[in-house]
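Enquirer: Following the hints, position chain B against chain A.
Sequences listed follow chains A and B, in order.
The first sequence finishes on residue 430 if you use the working numbering, and the numbering steps up by one all the way, no holes.
The second sequence finishes on residue 876 if you use the working numbering, and the numbering steps up by one all the way, no holes.
Wrong hints could be hidden among the right ones.
What the hints assert, rightly or not - Keeping only pairs whose Cα atoms sit at most 30 Å apart, straight-line, the calculated DSBU-like set for lysine-lysine is:
{"#": "1", "chain 1": "A", "residue 1": "Lys209", "chain 2": "A", "residue 2": "Lys340"}
{"#": "2", "chain 1": "A", "residue 1": "Lys256", "chain 2": "B", "residue 2": "Lys863"}
{"#": "3", "chain 1": "A", "residue 1": "Lys340", "chain 2": "A", "residue 2": "Lys256"}
{"#": "4", "chain 1": "B", "residue 1": "Lys863", "chain 2": "A", "residue 2": "Lys429"}
Please keep in mind that the hints were generated in silico from the structure rather than gathered at the bench.
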Amino acid sequence: MEAMSPLERVLRGIALTLVVVFFMFPIVWILLMSFQTNETILRIPPSVVFTPTLDNYAALITGKLQTAAGTLDIAFMRNLGNSVFLSVVSVAVALLLGVPAAYAFARHKFKGSEDIAFTLLSFRFAPPLLVLLPLTQYFQWLGLSNTYFGLIWVYQLICLPLILWIVRGYFEDISADVEYAYRIAGHSWFATFRKIALPLAGPGIAAAGLLAFIFAWNNFVFALVLASADKQPVTVGALAFVTASGIQYGQIAAAIVLSITPTLALALYAQRYLVEGLSLGAVKG
Amino acid sequence: MASVTQPGTGTRGFRISKRVLPYVLSLPALLVCIGILIPFFSAVIYSFQRYRLSQPWARQFNWGENYLNFFTDPGFWNTLRVSLLYAGTTVILELLLGLGIALLLQRRSTVNNFISIMLLLPLMTAPALAALMWKLMTNPGFGILSYFASLIGLENFRWASSPDTALLTVVLVDIWVYTPFIMILLLAGLRSLPTQPFEAAALDGVPRTFVFFRITLPMLTPYILTATLFRLLDSIQQFDIIYAMTQGGPGDTLTVFQVEAYLNFFQSTNVGRSAALLIILWAITYTLSNVFIKNWLRLRERARGEA
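Chain A with its partners taken away, still in its complex shape:
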């Protein structure tokens, strides 16, 4: 590893450059497109020289799209709002349900504990449509079709296993001795959980929450099947927007940029925990 020949150094440099170009180019290119008018986008050959415009973003934010056929209403901001609401509430619910469960699994070996934990894990790997398609009919009977409540419930399938297994790992890392000492001093189970275990696992819980948020935000198929236009998050909304607006490429690019910015920003913020989160707690970063 220490002795690298000049040739090897150059080859490594070239390889890494290619890697960076391949993985970064689409993001950069779409970002550039979002600041262009359709005219500059449609130029052949394509060029990176253009006068940037904020018109695409303005059209999305005001919800008024000027087309040759007249003004078109677009509900993209509504999709963005739905994404925020669905993801935030889903993660909050998942934390409320998942953290106590994770604590129970980490601290107590009780009858059936591993079975329950693995059942929850297996949800992560079952084909989502297997459950979603019959669920459309149940939701109709229960009056849950196209409701935030129904969607948030189903989103637990993404958020709960993730939170349960990551947070469980963090609780297992904390020595139980501290908690015993606190209990022996006469404090209740709940006080121990709240004053000792929760603060110690705090950073891990926060990271798991952020990751669950990213996965909830990025989900596509749940809302595609269960939600109509007014409840759809950006992932589904952007696809409908492409079909509806047809050739407004600048606005499509701007919509994509607005849709991916939150998760990319959160990912950069939480990157230290991503390895652990992505492997559901099996690999430490």
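Expert: Below, chain B alone, put in the same frame as chain A:
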């Protein structure tokens, strides 16, 4: 719950609560998910029924007919073939690329750490949105990739709109999104390997290919297995990228399991066939996930042990 766990309750109350407590804590999470298990059993029942949303009156049990029909159904064999081809191609290419990139970034340095963080961005992009990004880039009219293709002599390269290159295009998007997944797992694995065997090999002047194949790879195997199985489980069920890019088309070029099941349910309203397809997919993923969980647990115990 509060009455059981109040401070100052005697030892007897403490003991009872200790037995019940774990169940109380984990039950809500389980209950929320149990509701989701009911549709699973419905899907099993549907798969044994002749059930079309367009002819609800004709709904009746036909037992294994949906499954038996698959044997003589070219559409099913196409689904199976495309799904396996998609999963196989993406996972193999992503594994090779991911391992290569992880090896390039193995040494901790500012540049390497910065690159490995940058590579997380595609992975954190919603796959459906990533497909739209690539759709814009492969647009025949103005797409930058179509332009690049024309520069190297491929005039009218139609990417996802041609049956010949549709699979290639969605595989490319999948590689763009998911290679970083394998990369960061293997990078974490590489960086956690003990250094002594490598130092000893360097001292003895062992050739580097030997070090790689006899030391690095075997020690990395648990990580490679877990990452590969993880990806395989997701890839065989891929829906977002393919649906957002081509909705399974052109024709039936990309009708992988979940896309075909979705189209069967909503377009041809053939619920029975759709459910039978998903049950077969479930059987595949269930088998894979059992193998996966075994490996995953081993890795998890190791990570916890080192902590």
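Enquirer: Evaluate each hint against the coordinates.
Expert: Verification of the supplied hints:
1. Straight-line distance between C-alpha atoms of A/Lys209 and A/Lys340 comes to about 51 Å, which puts the hinted pair past the 30 Å bound.
2. At most 30 Å may separate the alpha-carbon atoms for a hinted pair to count; A/Lys256 and B/Lys863 meet this at roughly 20 Å.
3. Under the criterion of a C-alpha separation no larger than 30 Å, the hint pairing A/Lys340 with A/Lys256 is consistent with the structure, at around 27 Å.
4. A C-alpha spacing of about 18 Å is found between B/Lys863 and A/Lys429, which places the hinted pair at or below 30 Å, so the restraint holds.
When each numbered hint is compared with the structure, a violation occurs for hint 1 only.
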